[in-house]
Amino acid sequence: MSADLIITNLFIFSLAAFVGFEVIRRIPKLLHTPLMALTNALSAIALVASIVILGQTETTYAKVLGFIAVVCSTINVVGGFIITDRMLRMFKPREKRPSPAEERAAGTAAPATTDGAEAA
Amino acid sequence: MSADLIITNLFIFSLAAFVGFEVIRRIPKLLHTPLMALTNALSAIALVASIVILGQTETTYAKVLGFIAVVCSTINVVGGFIITDRMLRMFKPREKRPSPAEERAAGTAAPATTDGAEAA
Amino acid sequence: MDRMDWINLAYLVGGLGFAMSLKWMTQPATARRGLLAGEIGFGIAIVATLFWPDMTSEGYILIAVAALIGSAIGVPLGVWVPMTAMPQRIALSHAFGGLAAALVGVAHFYLESDHLSAFETGVLGIEMVLGFLVFTGSLMAAGKLQEWLPQRPIVYPGQNAVNFAVLGAALVLVIVLIADPSLHALVPIIAVLGLAFGVFLIVPIGGADMPTVIALLNSYAGLSAAALGLVLDSKLLIVAGALDGASGLILSIIMCRAMNRSFRNVLFGAFGAVDQVGGGEAGEQGTYRSAPVDEAAELMKMARSVVIVPGYGMAVAQAQHKVRELADALESEGVEVRFAIHPVAGRMPGHMNVLLAEANVPYEQLLDMDEINGDFPQTDVVLVLGANDVVNPAARHDTGSPIYGMPILEVDKAQTVFVVKRSMRAGFAGIENELFFNENTSMVFGDAKAVVTELATEVSGRRDAVGL
Amino acid sequence: MDRMDWINLAYLVGGLGFAMSLKWMTQPATARRGLLAGEIGFGIAIVATLFWPDMTSEGYILIAVAALIGSAIGVPLGVWVPMTAMPQRIALSHAFGGLAAALVGVAHFYLESDHLSAFETGVLGIEMVLGFLVFTGSLMAAGKLQEWLPQRPIVYPGQNAVNFAVLGAALVLVIVLIADPSLHALVPIIAVLGLAFGVFLIVPIGGADMPTVIALLNSYAGLSAAALGLVLDSKLLIVAGALDGASGLILSIIMCRAMNRSFRNVLFGAFGAVDQVGGGEAGEQGTYRSAPVDEAAELMKMARSVVIVPGYGMAVAQAQHKVRELADALESEGVEVRFAIHPVAGRMPGHMNVLLAEANVPYEQLLDMDEINGDFPQTDVVLVLGANDVVNPAARHDTGSPIYGMPILEVDKAQTVFVVKRSMRAGFAGIENELFFNENTSMVFGDAKAVVTELATEVSGRRDAVGL
Ligand SMILES: NC(=O)c1ccc[n+]([C@@H]2O[C@H](COP(=O)([O-])OP(=O)(O)OC[C@H]3O[C@@H](n4cnc5c(N)ncnc54)[C@H](OP(=O)(O)O)[C@@H]3O)[C@@H](O)[C@H]2O)c1
Ligand SMILES: NC(=O)c1ccc[n+]([C@@H]2O[C@H](COP(=O)([O-])OP(=O)(O)OC[C@H]3O[C@@H](n4cnc5c(N)ncnc54)[C@H](OP(=O)(O)O)[C@@H]3O)[C@@H](O)[C@H]2O)c1
Chain P
345 MSADLIITNL FIFSLAAFVG FEVIRRIPKL LHTPLMALTN ALSAIALVAS
395 IVILGQTETT YAKVLGFIAV VCSTINVVGG FIITDRMLRM FKPREKRPSP
445 AEERAAGTAA PATTDGAEAA
Chain L
345 MSADLIITNL FIFSLAAFVG FEVIRRIPKL LHTPLMALTN ALSAIALVAS
395 IVILGQTETT YAKVLGFIAV VCSTINVVGG FIITDRMLRM FKPREKRPSP
445 AEERAAGTAA PATTDGAEAA
Chain B
752 MDRMDWINLA YLVGGLGFAM SLKWMTQPAT ARRGLLAGEI GFGIAIVATL
802 FWPDMTSEGY ILIAVAALIG SAIGVPLGVW VPMTAMPQRI ALSHAFGGLA
852 AALVGVAHFY LESDHLSAFE TGVLGIEMVL GFLVFTGSLM AAGKLQEWLP
902 QRPIVYPGQN AVNFAVLGAA LVLVIVLIAD PSLHALVPII AVLGLAFGVF
952 LIVPIGGADM PTVIALLNSY AGLSAAALGL VLDSKLLIVA GALDGASGLI
1002 LSIIMCRAMN RSFRNVLFGA FGAVDQVGGG EAGEQGTYRS APVDEAAELM
1052 KMARSVVIVP GYGMAVAQAQ HKVRELADAL ESEGVEVRFA IHPVAGRMPG
1102 HMNVLLAEAN VPYEQLLDMD EINGDFPQTD VVLVLGANDV VNPAARHDTG
1152 SPIYGMPILE VDKAQTVFVV KRSMRAGFAG IENELFFNEN TSMVFGDAKA
1202 VVTELATEVS GRRDAVGL
Chain G
752 MDRMDWINLA YLVGGLGFAM SLKWMTQPAT ARRGLLAGEI GFGIAIVATL
802 FWPDMTSEGY ILIAVAALIG SAIGVPLGVW VPMTAMPQRI ALSHAFGGLA
852 AALVGVAHFY LESDHLSAFE TGVLGIEMVL GFLVFTGSLM AAGKLQEWLP
902 QRPIVYPGQN AVNFAVLGAA LVLVIVLIAD PSLHALVPII AVLGLAFGVF
952 LIVPIGGADM PTVIALLNSY AGLSAAALGL VLDSKLLIVA GALDGASGLI
1002 LSIIMCRAMN RSFRNVLFGA FGAVDQVGGG EAGEQGTYRS APVDEAAELM
1052 KMARSVVIVP GYGMAVAQAQ HKVRELADAL ESEGVEVRFA IHPVAGRMPG
1102 HMNVLLAEAN VPYEQLLDMD EINGDFPQTD VVLVLGANDV VNPAARHDTG
1152 SPIYGMPILE VDKAQTVFVV KRSMRAGFAG IENELFFNEN TSMVFGDAKA
1202 VVTELATEVS GRRDAVGL
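Chains as they are written, first to last, in this note's numbering: chain P, 345 to 464; chain L, 345 to 464; chain B, 752 to 1219; chain G, 752 to 1219.
Keep in mind the hints are simulated off the structure, nothing from the lab.
Among the hints, a few may not be true.
What the hints assert, rightly or not - Which chain L residues face chain P? A few, computed with CB under 10 angstroms, are given here:
hint	residue
1	Asn353
2	Ala360
3	Arg370
What the hints assert, rightly or not - A few chain L residues that don't get close to chain P, going by computed Cβ distances all over 10 angstroms:
hint	residue
4	Phe355
5	Val367
6	Lys407
7	Leu432
Note that this is a predicted model, so its numbers are computed, not measured.
Quick reminder that beta carbons are idealized off the backbone N, C-alpha and C, glycines included.
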């Protein structure tokens, strides 16, 4: 693999990590458990790699490894998404008036000065 | 240029744009003017391209174009950084106690629930 | 654009879907959209992958079978696991994830070993170690949380030395492998060392530190996925791995902060040490007052404002629905009822929020520590329900205490405090709680669910008796 | 790793430096660090570039000369431009940026045209158009802000049609160029069309909308940089361009929101239309009261709380330092003085903050609209200093008004309001301001600086007279 390609991928890695930190830092506690379940499902994307191996290889041991890998990853995707959904369904606010949690999140999203209004 | 490479670069573009939106959305009004000056300087990074052209080419018109480009970009870098610095120097808080602006920014950075505390 | 380009384009879209998914998770209002974005991104990526060049038809069959088996296990795991068991569940799936990543790494190594660059071999090696240690580590964590394994940290002299030795050995072998990738025999050994390290890493860590550790393992899993992506040149894996890694790291940092612990502290079993000191059993410290349930019921009914402080005990007892009933009963008596949620109450971030939301407690009633702490002095009755450390005043003054400096719910400032738990036993920090010995505190012993049920009936039952 | 790899690595570091730079700009406390990060990242990238393979020694000389000339112009531009002229200054540098990007694009096209893919040619074409239109557009904007050009929007029937025709022609030619890249002669035509479109785009836009437009041009500049990066496969340019584009877009959106305008509205000269309606001159509406300076001084000195509302006029008059003196004088009289900063007061975001910070007004005293609006009813005296639209109550009720719906500073709710401006002329929205005709409002005519200076001396001067 060319060094050039590696550097490109490092570029992508660092940008993605940057996005991750910036976004996740702002997820309210309320949503931390759903978040864990979600990232769980998302990180099971290693599934694509295992699919390719299982789908292409002729060699037996690779098949075995690939097979197990696909099974494991599928468990995570399916389970992870279902659980996230279950949790989020619980959070559906029952009355119209915005919940503190929503306000909280809104507060975070809102332009800095608004927070300032409260902070000051 | 291979389609593969193009896609990679699109990948990088979208991630960078994502970072940009996430971060800049949270810059307090107070700092918008300095921000403009700063991005001004940063976008002058086109300088690297003009340097390469000016440094390599043998053909005259390319030299001319490259030369103008280097001049223009340099103006922006130098000017942009100086102005940003000037503005930020003004913002140095004069007393110890944190300014509303800082609180505001802090408020934004702080974990969601803190904002929530105020928002609720 | 040939077929691979289209696939990569799909991966690009998928990756952005993941990013948007997390972005939308930053607000309850948009969280569901976030989930959807994640699912769509995932779907696109998978479908695209199926068009990968030169897949064998046998391969497709195997994939289908594996996917079916996976779903057959995954769906039940998703649908039936109770919310109280979330930490275990999540640890378990990290185990699967780690294993999958590690196995793909191994397979790729064997298939490509003759034309792998030193860099690739190195990254692959590290990827395997990470994957395998996440596998066993997460299994251990799940076991401890499910209390199949001893919750108590198991410490012995020179433990850290041993652990590092194991890890070191694994890395040395990776280096050897870089030098000569033909030494296939090394891979199993590296795998074993990785697996062993995963176990050793968790052994000295107390069951209650598991959530922190799980988050940390989560970020390792992310890293290994990213490493895999680096070797396979899969930008999608890189992005997903990076996002996952970031999330795990941030969550563990948040938890450590909220518990006023340092990583070192969590990872190298400082807690075990503390345990020795603190001693599980309390009681040396003065006497405590034990109150019957009806007294508590009486006082709560007469109160203007009641604050309920749920803790791990409520989760264990699955008392959340009964608590909701109690709250309703009190409100119909004109009592203002609120819930005080400590950031690390329970065993995972947001644990209490999820449970109470499950019991349909409108989350207007759930107040964060910083929102409610000011109100305790004006609160008539506080009901501490299976919470312990998060209301331990020692955190404020006792510099010796392992939880010293951890922000707590200052219930001791309230008029009256009822603490519902089964015994005087300590909480996860393994230290006694002087709150229980205050004169305005009364212990109501029993299982949280049982006690709360009784409270609810008492409160609603005798409505006529006390004319309001 | 060969030399290019090292260079790319340096670019990676540079790009991350840029990202961190913006991240740190999110807080005044860390803003300076952000600047530093940007500078370092930039430096690394430039130094690395100098090691580019097969550079000619003549090339180095040319580079040095060009850099010197650039610095010779850039330093003065940076050091001496007054803060009040920032909008122009920034517009000007966008012009430079756009030109540079465009020229690089042209050069690259000529050098490579015989082996450019259709995609590359297309991107290059768009990149040129963007670059050139940013160039002239920004020059126009700067001219209008500096009032070298007529501020008023110049509109004529079918204007938008013409503009789109020009842009369309340019894009058509780009397509032709894709079909046959050997048609070098097209490039100058495309350039001219781009330049023309830049001019036409700005002509119909009022001088006061310029800041929004500048931000928009900023994001175009970013896009063209990114496009260039795409063609040259320079990840650094792509990242920088994307960040720049995002920043410009967000700022213009924020400004539009704060002014309750839509992009369409800003870009297609709707304001010009409104001008016709609203009419510049006010006065038909009832009578206004004009007060002498000393009356204002007297009342302010006796007040408990005074709120100063600075606007564009303060910037024009460069009155910020004098305002500071006035505030100090009042405070030494025991009057509580605060500044109410409207998000779009002045002519660029944060304009007032920068000016008052320059005058050393501690920013504890600068309050945002949302912070202060509640306090006006309890405020004794409001001094509106060269502000107009941002205090126009029409925004609250007059649905016909072009600023209807724009959140304003509700000074009309204060006890007494003094408005300092030179005449009854309208502000940038070109509409009359009913605030001036309220019975609790008095106009104090004159140049902001002059008036404030007088106020300051009046207040401090007569200290002994009024014994507090
Ligand atoms: N939330 C997180 O993310 C997280 C992560 C890692 C660690 N932690 C730690 O976990 C702890 C959480 O504090 P906490 O106060 O919620 O819990 P805790 O301190 O662990 O105390 C829980 C108490 O509930 C009682 N209990 C257990 N089962 C019960 C039942 N069935 N009925 C009634 N009571 C029962 C126990 O006393 P008895 O045995 O006498 O009944 C125990 O003292 C904190 O120390 C925190 O640092 C939290
Ligand atoms: N901040 C931004 O980012 C931004 C961007 C785009 C547009 N805008 C627009 O700009 C406007 C800003 O509102 P604003 O109230 O600050 O300004 P304004 O509405 O433009 O009013 C400024 C007033 O200051 C007076 N003035 C001018 N020179 C003066 C001098 N030397 N001494 C005393 N008074 C002087 C003028 O009246 P006389 O001529 O009678 O003196 C004018 O009415 C808003 O409409 C906003 O939408 C702002």
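Verification of the hints:
For asparagine 353 of chain L, the suggested interface contact is upheld, since its CB lies about 9 angstroms from the closest CB of chain P, less than 10 angstroms. Using the Cβ-Cβ criterion of 10 angstroms, the hint placing alanine 360 of chain L at the interface with chain P is satisfied: the shortest such distance is roughly 6 angstroms. The closest approach between the C-beta of arginine 370 of chain L and any C-beta of chain P is roughly 6 angstroms, which is under the 10 angstroms cut-off, so the hint is satisfied. Non-interface status of phenylalanine 355 of chain L relative to chain P is broken: a Cβ of that chain comes within 10 angstroms, the nearest being about 6 angstroms off.
Interface exclusion of valine 367 of chain L from chain P breaks down, the closest Cβ pair being 6 angstroms apart, not more than 10 angstroms. Remark: the non-interface label on lysine 407 of chain L is consistent with the geometry, its nearest Cβ contact in chain P lying 28 angstroms away (cut-off 10 angstroms). Under the 10 angstroms C-beta cut-off, the non-interface status given to leucine 432 of chain L relative to chain P holds; the minimum distance is some 16 angstroms.
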